[in-house]
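Trainee: Here are the chains, one letter per residue:
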Amino acid sequence: GQQVMQIPQYQHVQEGEDFTTYCNSSTTLSNIQWYKQRPGGHPVFLIQLVKSGEVKKQKRLTFQFGEAKKNSSLHITATQTTDVGTYFCAGPGGNQFYFGTGTSLTVIP
Amino acid sequence: NAGVTQTPKFRVLKTGQSMTLLCAQDMNHEYMYWYRQDPGMGLRLIHYSVGEGTTAKGEVPDGYNVSRLKKQNFLLGLESAAPSQTSVYFCASSSRVAGGGYNEQFFGPGTRLTVL
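Line by line, the protein sequences are chains A and B.
Residues in the first sequence are numbered consecutively from 1, following our numbering.
Residues in the second sequence are numbered consecutively from 1001, following our numbering.
Worth flagging that the hints you see were computed from the coordinates, not collected in a lab.
Any given hint could turn out to be false.
[To be verified] 27 Å max Cα-Cα, derived DSS-like pairs, lysine-lysine:
1) B:K1070 <-> A:K70
2) B:K1057 <-> B:K1070
3) B:K1014 <-> A:K36
[Stated by the list, open to error] Now the in silico label distances, taken between C-beta atoms and shown as ranges:
4) B:K1014 <-> A:T106: 32 to 38 Å
5) A:D18 <-> B:Q1017: 20 to 26 Å
6) B:D1026 <-> A:T28: 32 to 38 Å
7) A:T28 <-> B:A1056: 21 to 27 Å
Note that the Cβ used here is the ideal one computed from N, Cα and C, for glycine as well.
Based on the sequences and whatever the hints tell you, model everything.
Mentor: This is the structure:
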């Protein structure tokens, strides 16, 4: 079946350092979505990428969709304590969405 | 708008007991989903619905049943709970995109279920 893998599983950074999480799919995706889940909270939608090679920015967050539409990345510049949480990518398969295993980000003040 | 709500927030069951989790959304969304979240395994889809009266199996449907009798509600049932079903359960909904495609999913606050 379809698989969506994310690395790393955990990342600890000093406040102000950069952070990147990578998402890889076993199949070509029509689009990819990114979500953030704060500790004890529920996933919240961040962004959706649709086009091959697409790059989108949200303040300090940069999202990329690979040329082959099988991988994606989320990069955070100069992390802040408010960035703490788990970041998930999700890709569609039929009417379903397959979520990656997530990357848990800890920011050390 | 309340968005997506889930009841109950917490529940402890004994092995073999049954229960129903309720999800309600007030955004008139066509699609609704039930996920379970376990440490290190991300979110796994249990069942989903693309409209009132329709349901379909997701990745991990065994041991669960669902019903979508009304567009705004999606019920998840456990007929005979097992310790392996200890998890956090999230409901989500999304709207249909004209001509195909996908919109963002809105998640409820979750139900923390422990099966002893």
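Trainee: All the hints need checking, so say for each whether the structure fits it.
Mentor: Evaluated hints:
no.	hint	in the structure
1	B:K1070 <-> A:K70	36 Å, violated
2	B:K1057 <-> B:K1070	18 Å, holds
3	B:K1014 <-> A:K36	33 Å, violated
4	B:K1014 <-> A:T106: 32 to 38 Å	36 Å, holds
5	A:D18 <-> B:Q1017: 20 to 26 Å	48 Å, violated
6	B:D1026 <-> A:T28: 32 to 38 Å	35 Å, holds
7	A:T28 <-> B:A1056: 21 to 27 Å	22 Å, holds
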